[in-house]
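Here is what each chain is made of, one letter per residue.
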Amino acid sequence: MEDWEKICPFTALEVERGVTALVHGQAVAIFRTHDDEVFALGNYDPFAKASVLSRGIVGTRGDVPFVASPMHKHAFDLRTGQCLDDEQVSVPSYEVRIVDGVVQVGPRLSLEDSA
Amino acid sequence: MSTRKTLVVIGNGMVGHRFVQASVERGVTERFDIVVVGEEPRAAYDRVALTSFFEVGAEQLSFLPEGEYDDPRVRLVLDTAVTAIDRDARTVSLGTGEVIGFDVAVMATGAAPFVPPVPGKDLDNVFVYRTIEDLEAIREAAKSAKAGVVIGGGLLGLEAANALHQLGIEAHVVEMAPRLMAVQVDDAGGATLKRHIENLGLGVHTSVLTERIVGDDSDGTGGKVSGLKFKDNDTPLDVDLVIFSAGIRPRDQLARDCGIEVAERGGVLVNERLQTSDPAIYAIGECAAPAGKMYGLVAPGYQMAEIVADHLVSAGSAAAFEGADMSTKLKLLGVDVASFGDAFATTPGALELVFADAVGGVYKKLVVLERDEPEGGFVLLGGVLVGDASAYGILRPMVSSGMTLPENPEELILPAARAGGGAAKIGMPDEAVVCSCNNITKGSICATIDDKGCADLPCVKSCTKAGTVCGSCVPIVKNLLAERLEASGAVVNKGICEHFDLTRQELFDVIAIHGFQRFDDIVTAHGRGRGCDICKPAVASILASQFNGHVLDPTTANLQDTNDAYLANIQRNGTYSVVPRIPGGEITPDKLIVIGEVARDFNLYTKITGGQRIDLFGARMEELPKIWKRLVDAGFESGHAYGKSLRTVKSCVGSTWCRYGVQDSVQMAIDLELRYRGLRSPHKLKGGVSGCARECAEARGKDFGVIATEKGWNLYVCGNGGAIPAHAQLLVSDVSGEDLVRYLDRFLMYYIRTADRLQRTSTWLGTIDGGLDRVREIVVDDALGLGAELEAEMARHVETYFDEWKATIEDEEKLSRFVSFVNAPGVPDPNISFADTERGPMVPAMAGGPVSLGTTIPVGAPSTAGVK
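Protein sequence lines correspond, in order, to chains W and S. Under the UniProt record's numbering, the first sequence has 21 at position 21, and the numbering climbs by one with no breaks. Under the UniProt record's numbering, the second sequence has 548 at position 548, and the numbering climbs by one with no breaks.
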């Protein structure tokens, strides 16, 4: 299915950091967490109106893996894209899988799907 | 009624005396006449304080200034030896020929200094250090001596060396073992102690064996000490006085002569009631060996004295000697030394926790043991403290209490100045002595706080007297107060975020003590979860301050806030600004031209900043390495405009150009900026240097401001601009350039160590008890003795400085992250666009939302960027 796009080797991802990828013409932030899970969110910070989320700090809030935008530190749930500081706001999140050591990003998840 | 009995006490030292006192107090004299026989010409005196004899005289040390006991039923015979005990006849013979019958005898003959069989030990001017007579002889000999040596680096040996030092002659200590005070402290503690003593001007020679004492009979006086020859060393020590302090041996000859059992390694064998193998004869103090073990301290001897007195009063007394606490705390030549419990971690499974500050001369060790379930946790077994024994009062009671240590036991040995009393924030037992000057326990302080309703420190101090003498316990008292207040009301969590309960300062110390270099280790040991945008940059900053590695090293790269992560300041559209360092604002035309060319070639907006530099705005992340390559090649280096670190040191033109200037402020500003460049700190730091009182550099609006005077430099600290401006305050006036740097080193490091995350120097100052005066005490007067350590830390920073940008452009791995898209490194992020302004230069254009590039852009195969 052409919805899945190959991005880069899994080993190109650093632990608890993000990279930006072009996926289906969109800037997508891809993160690898401490336990080697991989998540993909839209790179665009809706508060700062800048394409920067991949450059944020990755950590946890309680049990929630999140990224803090480098601009004004708004936190986004890596699993769903939900903003943890403002329930009205979210960013897109995408399906991710690793096939033969290569990170692939798939279709966008709806909030309902991932919740 | 019953006939009176006779009790003979052999020996009138400290323990013998204590026994007589205890016997009189308990009413032993109701049944017994007591005869005390002492060998020394004077009655019992305080042998522990022997060295103070030189200052205060024998009278002050005496326990019996009148020369007799109050109770007429006690007879004191001095200057007389007991020569024999006849167990069958129940008599003792005195050197005077007198024979005294006894019903009960107590041996308190003490110990004698051990003099090893070193050739030359019988020469003139060779002494031991045990009695007032010994000291009198040493004092006399020192009048004509130039240098003396003490053989033996134990507790008493150091005392003796101190005595020689006080007598005004050159003093040395030689010790066979590799360290001083080998019985009480471990190698590292001994090394710390050695440094202290050497700093006092005493010679310390460890790991040396004395071969012989060299004599000199040239004046025909029969052989006087002229030197000390070491084994395997051709250079003799040039001394004319020798004191042996190579240990003590129990004086058990009387017992041996009359057939009483002695221990294998000497000492009169006694049971737990202190009875010898002859039940009518007891032995106490250093001559006794309960269970075969000799105790060379006075406290166990006192304990023994009390127990025997108890038994003489009541035969059924349950009092028993079950070993003694060998803990010691003393101030030796002004150095705190304490050793307690299992100081050498001999217990199976014991672990050691060490805080060592070699420069500051502080060494602290805790010996802990992990307890089995169900209790779990760690308990304290013992420890060693050198250089700062203030925690002894808290720690020693914890050894016997069996209480579980707080989760991070290292906080118990953090220096009070760093921990801010964090050491006290533990469940220490109520009986722990907090104020050792006034002997006030934690329990009584807490009770007073509750009873009197104390709400502040002055109230606690006046109500309890705690902290009113030396003040070293004030941080602990303060924390106890905070604990009580918290318990009664608002709970203040001082942890920096949900992942750590520690303050930044505590985190700093935890990292310093353990030498942690990785966030993972820190959060595993002292936190929870995986960190966040608050604690990660804080840890990154602390690691940078302590180790000065590259912020993009693999272990710290993912902790950095975006500015540090890309070594540039992120701006509103996700582009970055580039700020090369221009120290002191001084720049050559060639360099100006390079900046102009770079700005033109990369289409950057340029602006002269408030800090006398030039900002280049609008750089895309992937362009940063190319821009910096050009700048580095032209001789620029990182300006650290992106870091919580030193930014600029602003200057006026100073005496070089200005007709008012009295000093070269430009040179000073350049020197300071280069010295502190790259220094990571809790908040950004700025400085300023003005060449005269006109203050054109506005130095007093900076974290540190320097203003030239006719005589030198005035240093102002803790000012800032920003949202809440504060004028810097005068720390010290008219100092030389050298002193200025020294005080600034100390000031900045002290701030870095103790400030909270993102706390500017001005707000930090507000949190310090005593405010600027306290800062001055620490920085200028070195009241905490931290000066050398702070300077050394700064020196390490200065030595290890390197340019981050230069190192980055030379490192492929670090460069690999400066790409727009991992799978399309050549495609610029379309979300970034610019607009021209009416003034001319371009500015960011605000996008309305994410920009799609469409699906037709070819991206090729997966990139291998960043693959190792």
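Please keep in mind that the hints were generated in silico from the structure rather than gathered at the bench. One or more hints might be untrue.
Unchecked claim - Derived pair list, reagent style DSSO-like, types lysine-lysine, alpha-carbon separation capped at 27 Å:
#: 1; chain 1: S; residue 1: Lys-607; chain 2: W; residue 2: Lys-49
#: 2; chain 1: S; residue 1: Lys-607; chain 2: S; residue 2: Lys-478
#: 3; chain 1: W; residue 1: Lys-73; chain 2: S; residue 2: Lys-465
Claimed, not checked - Negatives, chain S to chain W, calculated, CB over 12 Å:
#: 4; residue: Arg-87
#: 5; residue: Ala-111
#: 6; residue: Ser-144
#: 7; residue: Ala-182
#: 8; residue: Thr-328
#: 9; residue: Leu-351
#: 10; residue: Leu-353
#: 11; residue: Cys-535
#: 12; residue: Gln-571
#: 13; residue: Ala-824
#: 14; residue: Pro-830
Here a beta-carbon is modelled for each residue, glycine too, at the ideal position from N, C-alpha and C.
Hints, one by one, checked against the model:
1. With a CA separation close to 24 Å, the supplied pair S/Lys-607 and W/Lys-49 stays within the 27 Å bound.
2. For the hint pairing S/Lys-607 with S/Lys-478, the CA-to-CA distance comes to about 49 Å; that exceeds 27 Å, so the pair is violated.
3. Under the criterion of a C-alpha separation no larger than 27 Å, the hint pairing W/Lys-73 with S/Lys-465 is inconsistent with the structure, at around 48 Å.
4. Listed as a non-interface residue, S/Arg-87 keeps its Cβ farther than 12 Å from every Cβ of chain W; the least gap is roughly 78 Å.
5. Residue placement check: S/Ala-111 keeps its beta carbon more than 12 Å from all beta carbons of chain W (closest about 62 Å).
6. In this structure S/Ser-144 is separated from chain W by more than 12 Å, as the shortest Cβ-Cβ distance comes to about 74 Å.
7. No beta-carbon of chain W comes within 12 Å of the beta-carbon of S/Ala-182; the shortest separation is about 47 Å.
8. For S/Thr-328, the condition that its CB be more than 12 Å from all CB atoms of chain W holds, with the nearest at approximately 48 Å.
9. No beta-carbon of chain W comes within 12 Å of the beta-carbon of S/Leu-351; the shortest separation is about 28 Å.
10. The beta carbon of S/Leu-353 sits about 28 Å from the closest Cβ of chain W, which is more than 12 Å, so the claim that it is off the interface holds.
11. Residue placement check: S/Cys-535 does not keep its beta carbon more than 12 Å from all beta carbons of chain W (closest about 8 Å).
12. For S/Gln-571, the non-interface assignment is contradicted: its Cβ lies about 9 Å from the closest Cβ of chain W, within the 12 Å cut-off.
13. Chain W draws S/Ala-824 into its interface by the beta-carbon criterion, the shortest separation being 5 Å against a cut-off of 12 Å.
14. A cut-off of 12 Å between C-beta atoms contradicts the statement that S/Pro-830 is not in contact with chain W; the least separation is 8 Å.
Taken one by one, the earlier hints fail for this structure at numbers 2, 3, 11, 12, 13, 14, listed in ascending order.
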